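Undergrad: Letter by letter, the chains look like this.
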Amino acid sequence: MQVQRSAFLQAAKPLLQTLIGRLSQKYGYVSVLAADTRSKHYRVGNTGVSAGEDDLFTRRGFVLKVYDGRSYGEYSFTHLDEAAIPAIVAEVEGRIMPLAGKLPAGLSLSEYDQIPDEPAVLLKSSEYAVHPDKKGDEEILAALNAIRDEAKGRDERIIDCTVSFEFQEIHKLFLSPHRDLEQNLLWSAGSLYVMCPKEDDIVGYYDGASDLAGAEVLDALKAKLDNAVKTALELIDSQPMVPGEYECVCTPAVTGMIVHEAFGHGVEMDMFVKDRAQAKKFIGQYVASPLITMHDGAAVQRDTGSYFFDDEGVLAHDTVIIEKGILKRGISDAQSAMHLGTEPTGNGRRESFERKAYTRMTNTYFESGTDTFEDMIASVKDGFLLDNPSSGMEDPKNWGIQCMVNVAREIKDGKLTGRIFSPIVLTGYVPDLLKSITMVSKDFALEGGGMCGKGWKEWVKVSDGGPCIKARIRLG
Amino acid sequence: MRDIILNALQALDIANYQIESTETESAELFFIQKTLDMRRTKRTTGCTVTVYRDFEADGVKFRGSSQTQIFEGMTPDEIRGRIKDAFFAAQFVKNPFYELYAGKKEAPVEMPSTLADRSLEEDALVMAEALFAADTAEDAFINSAEIFAIKSRVGILSSAGVDIAYTRYEVKGEFVTQCKIPQDVEQFFQFDYADLNAEALTAKAKQAIAAVRDRASAQRSPQAGTYSVVLSGDQVATIMEYYAERALAPYVYAHYSDWAVGKQVQGEDVQGEKLDLTLLPLAPYSEEGIPMVARPLVKDGELQLIYGANRFCQYLGIEPTGYYERIGVNNGTVALDDLRRGCLCPVSFSDFQMDAFTGHFGGEIRLAYLYTEDGVQILTGGSINGSLPEKQGNLVFSTERYDTLNYTGPFAVKIEGVEVAG
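So the sequences go chain by chain: A and B. All letters in the first sequence, in the order written, are residues 1 to 476 by the numbering used here. All letters in the second sequence, in the order written, are residues 1 to 422 by the numbering used here.
Rather than coming from a laboratory, the hints here were simulated on the basis of the structure. This one's a predicted model, so the numbers in the text were calculated from it and none came from an experiment. Check the hints yourself; a few may be wrong.
[Unchecked claim] Taking lysine-lysine and the BS3-like style, the derived pairs with C-alpha atoms no more than 27 Å apart in a straight line are:
1. 457/A with 206/B
2. 94/B with 135/A
3. 381/A with 230/A
4. 280/A with 180/B
[Claimed, not checked] Cβ-Cβ distance ranges computed for the label pairs, FRET-style:
5. 178/A with 200/B: 43 to 49 Å
6. 156/A with 54/B: 29 to 35 Å
7. 268/B with 375/A: 49 to 55 Å
8. 114/B with 114/A: 35 to 41 Å
9. 382/A with 200/B: 50 to 56 Å
Idealized CB from N, CA, C, for every residue including glycine.
Given the sequences, and given the hints that come with them, work out the whole structure.
TA: Rendered as structure tokens:
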């Protein structure tokens with residue numbers, strides 16, 4: 001089934017075209033992104049049951065982008081009808097664009113060329129098997145409760161298992177004098193978190209499932225339960241990590257965190273513009289093992305970071321960032337690409353129509369290799385299998401790693417010993433870690449359950465992952 | 001929009017509801033060094049409608065709820081459809097019965113703010129001038145900045161009599177400082193004020209530029225080992241969130257926290273300062289229209305309050321308070337210069353985190369000062385990792401103060417015996 005079009009956007013389109021026409025009489029470039037998104041979440045746990053539309057992902061409104069011959073300004077708004085058009089024009093002409101002339105002494109204006117408004121028309125929708133609306137509130141909550149009840153029934157030490165499911169139906173329309181793009185998408189994601197007491201603390205194991213799809217994701221979530229329960233119970237006896245540098249095998253989830261947090265943020269080219277990313281100086285150089293090829297692209301994989309065009313009306317790409325260990329290029333939004341004299345890669349994304357566009361990742365991953373997971377474990381004399389990433393923070397300027405994982409399983413003489421350590425902080429220098437990769441598995445998995453921020457805000461859905469990798473990593 | 005929603009609720013025979021409307025205006029400036037890269041304004045309106053549905057199962061009374069978002073441009077039929085869908089979903093949300101918070105009509109509140117004296121774009125420009133006033137050196141400077149001046153008008157109307165409205169202003173943002181010599185480094189800072197606090201922003205930017213200059217000269221990581229650590233600024237606020245989160249009614253109700261009023265939250269053997277914490281309101285009313293006032297949280301190390309949303313407070317049989325986002329810490333006995341003697345003082349992390357479930361805190365060090373008898377060493381790298389439940393008996397706070405939108409209290413806290421990975 002294909003995601004249906006938005007009646008709201010269809011009704012708004014003639015008015016938006018009128019608005020663009022009116023502003024184009026004065027400004028060299030005018031575009032509008034119109035968004036109509038609806039998200040619903042479901043959650044069961046000890047705190048009770050919740051079901052409802054999510055206010056972060058449920059939005060309806062417009063953002064205008066205008067070029068005055070030197071620079072760009074934007075206006076985000078929700079009120080649109082025939083009578084509102086003069087007020088919108090007045091806001092742009094009388095309030096936003098004149099701000100450039102009111103800057104305090106010592107501050108000036110960044111000057112840009114005009115965005116090339118290449119003609120394009122597109123209408124695309126993603127597909128799904130079962131729409132969550134069709135499955136219905138009762139059935140979805142029953143599925144979540146069944147997972148939760150099964151988890152709690154496995155062991156009396158489990159104090160809670162929160163289980164959640166959410167989906168977002170996205171309708172976007174990008175209009176400019178020469179572009180008319182429309183996309184309709186549906187992603188779904190589920191998660192479960194099994195919690196057990198450990199003395200005065202609570203330990204837990206989180207897992208999730210996601211796809212550019214519908215309620216079929218619930219089946220994938222259920223399949224994660226066994227491992228989540230087993231590991232949460234093991235964490236009761238976990239020990240603190242002895243700091244040091246170890247041979248580590250990373251699961252695809254931990255690989256994904258390294259790809260995304262440690263390296264991906266560093267090749268967002270708006271950070272190149274600001275001189276905030278070390279990667280800018282390493283284009284064409286080895287930054288990783290020759291075993292590593294890294295991609296980012298909304299067009300290349302099917303998960304929560306997928307779309308057909310970005311929030312600046314640039315079509316989605318498959319960008320090869322690292323090819324056999326050599327850094328080839330970064331990813332960029334339209335304005336950053338213009339500043340750097342490069343081509344935009346379809347990575348200009350907004351948290352919503354209410355926010356500025358930044359360079360953002362989409363689906364980011366390492367390509368699979370040729371090794372088996374079993375061979376990788378067997379090759380480790382003294383190290384750990386790292387699993388279950390919990391958080392990470394980017395450091396594009398210095399390529400410092402700060403990632404946290406929840407589970408480190410000890411490996412001695414090629415065998416898992418059964419000892420488990422938690423929590424673990426990964427630190428070090430990104431290229432050192434990536435160059436130390438000596439094995440890459442045949443496996444491949446993406447995870448798109450989480451959110452990605454730019455610094456501390458601007459939340460968007462992304463996915464990341466890849467194969468298992470073996471590397472030397474400093475753990476603390 | 002409110003009338004259309006009320007008509008839909010009446011037509012659907014929905015007796016219990018809450019309507020929260022939010023109108024937001026903002027002016028936003030984005031700088032790369034001293035050039036304006038993007039300017040934006042925003043004007044949006046929206047409503048969150050929560051509907052409640054009562055039902056019984058096996059002789060037990062339940063009250064389910066569900067939310068829907070209502071926007072400008074929706075037709076009356078569409079609004080009615082959205083509310084109807086939410087009311088349908090509410091019958092499957094099987095939560096034990098509770099009464100809605102009962103309020104009354106109150107006069108609208110205009111929260112006093114000097115930001116209201118000018119237009120939002122003028123506020124943003126004043127703060128831009130204040131920020132870059134500190135940017136006067138060649139070697140260390142502001143790399144980039146974002147400034148948001150925001151006016152929000154919130155209204156809450158419920159079927160239980162709540163009818164309140166308030167207007168609040170805020171100017172917030174972030175900036176990055178950079179120093180290129182002897183090594184090219186940067187640091188990230190945030191600010192958030194309820195007034196046009198230009199002087200505070202200039203002072204913060206000056207300190208930030210000095211800090212990044214120090215970081216550029218830092219060569220070594222701290223040696224791995226156990227240190228007395230002094231955390232400062234926003235990290236103190238993060239540490240204190242542990243106590244605020246552990247006292248949340250939903251955590252207690254769900255058995256994620258075993259805290260109860262009267263508990264000695266630092267344990268029985270407190271060698272350092274006994275905590276004195278107060279929850280402070282950021283708005284006159286909670287999201288359910290509950291009046292927000294300053295409330296003691298911990299006094300002499302003893303928990304005074306379990307707090308949170310109406311539903312969980314009712315389940316626990318305590319007074320509903322709403323959620324608080326600002327914490328006041330009334331401790332502080334030692335001057336900062338004395339407090340940090342012999343201590344490792346990380347002042348900047350790539351990401352400092354506190355896990356309220358476990359009490360573990362830590363992060364990778366961007367900049368730290370090690371105060372020894374031989375002088376001060378400037379360090380970078382390594383990470384700290386500690387457990388607050390294990391260390392909280394020995395907390396000592398500075399007499400110097402620090403204020404942000406979500407924290408007011410001592411600038412620094414000393415924690416003994418923290419593991420540092422070099």
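Undergrad: If you test the structure against every hint from before, which numbers come out violated?
TA: Per hint list: zero violations.
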